[in-house]
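Engineer: The chain contents come next:
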Amino acid sequence: MTTPHIEQQIEQWREYFLRRKAVQSQDVAELEDHLREQITGLEKNGLSSDEAFLVAIKRLGDLDSISREFAREYSERLWKQLVVAPSDTEAGESRTEWMMVLGLAVLAALLIKAPTLFGLQIDRDWGFYVRNVSFSVLPILAGYFIWKRKLSGKFVGWVAAAFVVAAIVMNVFPFHLNGSTIGLSALHLPIVLWFVVGVAYAGSRWREVTGRMDFIRYTGELFIYYALIALGGGVLSGFMLMIFESIGVNISPVIGLWVIPCGAAGAVIIASWLVEAKKSVIENMAPVLTRLFTPLFALVLLVFLTTMVWTGNGVNVARDVLIGFDLLLVVVLGLFVYSMSARSPQAKPGMSDILQIILLVSALLADAVALWAIASRISELGWTPNRVAALGENIILLVNLAWSSVLYLKFFRKQGTFAELEKWQTQYIAVYATWAMIVVALFPLLFGFR
Amino acid sequence: MEINKDLIAASSTPIVLATLAKRESYGYAILKQVQDASGQHIEWTDGMLYPVLHRLERLGYIDGTWKDADSGRKRKYYRITSRGRKQLADELKQWRAVDATIRGILPAMTMQLSHRL
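If you read the protein sequences in the order shown, they are chains S and R.
The opening residue of the first sequence carries number -6 in our numbering; numbering runs sequentially from there.
The opening residue of the second sequence carries number 13 in our numbering; numbering runs sequentially from there.
Every clue listed holds true.
Straight-line distance between alpha carbons at most 20 Å, and here's what the computed EDC-like set of lysine to aspartate or glutamate pairs gives:
hint : chain 1 : residue 1 : chain 2 : residue 2
1    : R       : Lys86     : S       : Glu4
2    : R       : Lys44     : S       : Asp26
3    : R       : Lys79     : S       : Glu25
4    : S       : Lys51     : R       : Glu55
5    : R       : Lys17     : R       : Glu55
6    : R       : Lys86     : R       : Glu69
7    : R       : Lys17     : S       : Glu66
8    : R       : Lys86     : S       : Glu25
9    : R       : Lys79     : S       : Asp26
10   : S       : Lys271    : S       : Glu90
11   : S       : Lys37     : R       : Asp48
12   : R       : Lys17     : S       : Asp55
Everything labelled a hint here was simulated from the structure, so no lab data went into it.
Just so we're clear, the structure is a prediction, and the values are computed from it rather than from any experiment.
Whenever a hint applies, use it, and build me the whole structure from the sequences.
Structural biologist: See below:
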């Protein structure tokens, strides 16, 4: 029998060995069995347990060369695997989760098609669909996080209440189907509900900076995984069309009415699960992409500003310019927030921070120019719901980016901390949520549902 | 006498397969059998056996399964497959050919050497 002291040493050896990328717990278990048997054998020959341990370790050989051999045999292990093989102890647990996720994804897919069972057609009854499409996926996603985080009844109550109130508002309001408020409400409803999902995601940490930061990270990764799944779905649909066409069967209605909506709904759940399962396994992609695009966007904006000054051309206020600049600000904010989410708060200011500041300031300038042009135009043409919503969003984003630039500069000049910046961003989430709520619930009232 | 590294590496496959051709076994026991059979001439670094076993498993020459050992711990046992037997026969042929070549070139000297040993 080995002594507690030897047990401790074996434990240390195991941890040390496991740290190598090419070695997995099963390999270590196999070698540990060997080590123990060797120790027992040596002890029988009269060695003390300490001596036996030392000799056994020595005979096992140098861990570096052993793991090099393993790496040669398992080169794939050096690539972190997307679908991780769970260890024995976690296998049961992860299978339950996988079944749950699959079930929820199917449920989301069914819910999105449920109205057709009651004879509602998307082209004929689009008013119904526009009002309710957000309620097919997002409550299920919230449910998944409630289940996963084992949230208390109080939380479940609040989250459920938020969905119910939103559903009542959307379906009770007497929208004019030809007006613009119905579109605005339908567009902003998922944003509101997304923050409800965020509360379920962060659980009891939903008011804390770290909880909200995790939710921001999750949102970015989800977007990337979703885009990848959509890409795969597109390839699959394309092949389906082609091979069925070759036998003279046209399946484009099936794809349009079933495959795409069901796939799009189910993929949200699957992608969320992937983000959850992979967050500690593989590098987050969003910060990598932002690192790639931050300098490019900064460069484009700088060239744009210089060209504008050089040519003396003002911004031509066409119909969609305001929306375009809103989107630009969203992208810049995304670039900023995701590079922030991956930055170590302790790291000293460096080159990438200078790029961030250039990006922020040039985006602010570009937007200020556009906003000036648009504001003067609106005073001539009058206020419509769409213009007010777009203008409001622009101002909200502008305020955020402006104050972020100030905080960033302060941090850069060592007058502030990075944590202040994080705190500002995470608290500002409440502003987006409130504005989206105003657009969903107050705009229809203010503009007479038109 | 110490056998050089290249020869050890080249001979590891037939030796492991030959050991497993007799009966199902696991890492530590394979090592002991090889040591005894070689008259202590072959001393592998213990840890290096496992990557070899895993390679043979991937090639389909042997089959590994986790079972409960007498010690109460889990232990991975390997047994040879029919593909492994074919591979073993093939490798043995190769070894005999190499051996025959050396003997054919230096019949007397090999005899002398083995006498002196």
